[in-house]
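Asks: These are the residues of each chain, in order.
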Amino acid sequence: MSDALPELDPVIHAQARLRVVSSLSTLREGDSISFPRLQDILRMTAGNLSVHLRKLEDAGYVEVVKTHQGRTPATLVHLTRRGRLAFDDYTAALQALLTPRTDPPSGAAKPPRTEEPT
Amino acid sequence: MTEDQPPLDPAESLRIIQRERAATVRRIMPDPRLLLWPWGVAWLLGFTVFFLRYGPDDRVYVAMPRWLPSVVLLALMFAAGLISGIVGARASRQVTGLTARQGTMYGLTWAFAFSGMITVLSRLGDQLPDGLANLIWAGSLTGLTGALHMAGGAVWNDRSMFFLGAFLSVVNAVGVILGPGWHALVVAVLGGGGMLVAGLVSWLRMPR
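Chains as they are written, first to last, in UniProt numbering: chain E, 1 to 118; chain X, 1 to 208.
Pulled out of the complex, with its shape left as it was, chain E reads as follows (with noise of 0.2 Å):
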């Protein structure tokens, strides 16, 4: 409560990237979304969602999957361990920002109520 405001993780603190990790982390464990279906829910061009996905791979945030799905070629799409783990985090680190720092201890200990990621 007396800490230091907590740091946002760039990588996810950027509109676009945000946008993408916030829908992959509906999805539950063991699931993964095709990227067109992605792409569909998000509104953004194939190109622009490449990049922010490489980028979050790049972190360890999310796994890229190419595969076959009978004979068509599929690309699957699904946050890693670590990439829920940081949106858990940042998540977290925007409540601490909202929550008044005058506060007294005892009425910090109850955050903002929020949708419970699964």
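Hints in this document: simulated from the structure, not taken from any laboratory. A few of these clues could be false.
[What the hints assert, rightly or not] Which bits of chain X does chain E cover? Going by a derived footprint, with three or more residues having C-beta under 8 Å, they are: (1) 23 to 37; (2) 97 to 110.
[Claimed, not checked] Label pairs and their in silico Cβ distance ranges: (3) X/6 x E/67: 27 to 35 Å; (4) E/47 x X/173: 58 to 66 Å; (5) X/201 x E/89: 29 to 37 Å; (6) X/159 x E/92: 26 to 34 Å.
Note that beta-carbon positions come from the ideal geometry of N, C-alpha and C, so glycine has one too.
With the hints as your guide, set chain X onto chain E.
Replies: What follows is chain X alone, placed relative to chain E:
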């Protein structure tokens, strides 16, 4: 779009997270209205037709051929099964992995359970008078539907689905105890109505 820019402030970041998560959930989860309303309508109409032809104490409220109620009910249920099957399969195409596999197994459970039960009932139903045969058919299949909804609630960790299943099981048992005719009325109004309400409630509870 300001792609590589950080969001303006933490509050905006949280709004982006919430908006994107809600948008994604709404796209990858099947619409509960499309899953439940076809069944609600099928039960409401199908069992009402049954009640009108096979009322309590063998009363016939509306004259029609004795085979018509079963044909109407089975056709409506077939249509509902088709719609919910397509909706479920479409949802599992969006996301691959564990959830899709669970969905396939759960879907197959319905198909196998109903086929098995219908096989048993077909052998049994011919030996019984109309009123009792209808009660055994409708009571068994409604009970099975209730149980499968409860199991589905357990599989998907979905409370409203579980409660709907429990409600259908109780409504079914009450109807069977009341007897032929009354069962059809109770299942039409409370069972079909319950499914329509459950579809609406689940839809309203989706994140937005």
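Asks: Just pull the numbers of the violated hints for me, sorted ascending.
Replies: none
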